[in-house]
Amino acid sequence: MDSLTQATLGAALTTAVLGRRMGYKKAALLGAVAGTLPDMDVFIPYTNPLDAFIAHRGPTHSLLTSLAAAPLAAFAVRSIPWLKAKNISLTRLTTAMALVFTTHALLDAQNIYGTKLFWPLTSYPFGQGNMFIADPAYTLPLLVGLLVTLYRRTPRANHMGLALSTLYLLWSFIAQATISTQLRESLPTALKNAPLIVQPAPFHTLAWRGLTVDDENYYLASTPLVGEKNITWQAYPRHMYLLHGQKNHPDVLKLAAFTKGFYAARSNENTGKTEILDLRMGRLPQSPVFVFSLDTPPPSL
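Under the working numbering, the residue at position 205 of the sequence shown is numbered 580, and the numbers go up by one with no gaps.
Treat the hints as calculated values from the structure; they're not laboratory data.
Keep in mind the model is a prediction, meaning the values are calculated, not measured.
Among the hints, a few may not be true.
Stated by the list, open to error - When the alpha-carbon atoms are kept at most 16 Å apart in a straight line, the in silico EDC-like pairs for lysine to aspartate or glutamate are as follows:
hint	residue 1	residue 2
1	Lys648	Asp670
2	Lys629	Asp426
3	Lys622	Asp590
4	Lys635	Asp590
5	Lys629	Asp670
6	Lys622	Glu591
7	Lys567	Asp589
8	Lys635	Asp589
9	Lys567	Asp590
Input sequences plus hints: build the corresponding full structure.
See below:
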């Protein structure tokens with residue numbers, strides 16, 4: 376999710392667990408900082424942009440490393456005099472840090488991007504796709520509840536914000552399942568068994584988009600959650616012929632694995648270079664978000 380959401384969620388959680396003992400403002404600040412720490416992996420330098428793209432939401436987003444880091448973070452919190460946390464038990468501090476780190480990873484896994492929840496046991500990128508990367512209906516209850524608690528110094532509003540945001544998250548699963556059934560039933564016969572991605576429109580869950588692929592094309596369809604259903608699938612070429620002789624190129628193999636096959640190729644009109652792109656994100660076919668140039672030659676066979 377976006378940085379504001381992760382910071383707000385982290386602040387709401389530490390306020391709930393530590394607010395009465397540490398002070399609501401200090402607890403909220405601690406949670407906001409801790410809630411953004413996993414995303415600091417974007418500053419790790421990589422020479423290959425595709426490697427940076429795939430590495431994001433890796434070790435720093437693993438549930439295993441999150442749980443391992445929680446007691447270390449708790450010790451660090453106790454060492455900061457300004458927070459006055461020495462009288463708070465390590466168990467409570469560790470619980471707070473574990474909640475912040477693990478919920479960050481789990482919330483990111485609701486986006487389609489891909490989060491390596493169980494690294495180093497597996498590098499499989501989990502991406503449910505039931506939430507857009509930023510959704511005000513999820514963030515605003517958290518933010519309002521937190522601000523009211525900081526102003527009134529009573530935890531009730533913060534608890535309500537956490538509850539409402541969690542209910543909205545659960546609602547997104549139900550909405551996705553409902554639309555998935557409708558989109559699957561609307562597929563042409565030749566695509567009935569094709570892989571299908573269903574994800575919400577930007578910033579809300581009232582409209583949804585379906586994406587599927589075969590060897591030559593990718594197919595898009597959109598539908599509202601409620602109202603008249605007139606689902607039409609539009610086909611667009613994947614230009615896979617551009618990768619003939621390069622299917623074993625390391626970058627092609629990496630992107631194919633990370634996107635679970637939802638990728639395509641195109642020729643850059645300005646440079647003439649072949650590019651590969653992630654079909655799961657962006658306004659297709661006009662504006663894909665993640666596009667990578669095949670600058671290096673394929674390996675010799």
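Tested hints:
1. Lys648 x Asp670: The given pair, whose Cα atoms are some 8 Å apart, holds under the 16 Å limit.
2. Lys629 x Asp426: 8 Å, holds
3. Lys622 x Asp590: It holds: about 13 Å lies between the C-alpha atoms, which stays within 16 Å.
4. Lys635 x Asp590: Within the cut-off at roughly 13 Å; holds.
5. Lys629 x Asp670: Cα-Cα ~15 Å, so holds.
6. Lys622 x Glu591: 14 Å, holds
7. Lys567 x Asp589: 11 Å, holds
8. Lys635 x Asp589: Since the Cα atoms of Lys635 and Asp589 sit roughly 12 Å apart, the hinted pair holds (cutoff 16 Å).
9. Lys567 x Asp590: 14 Å, holds
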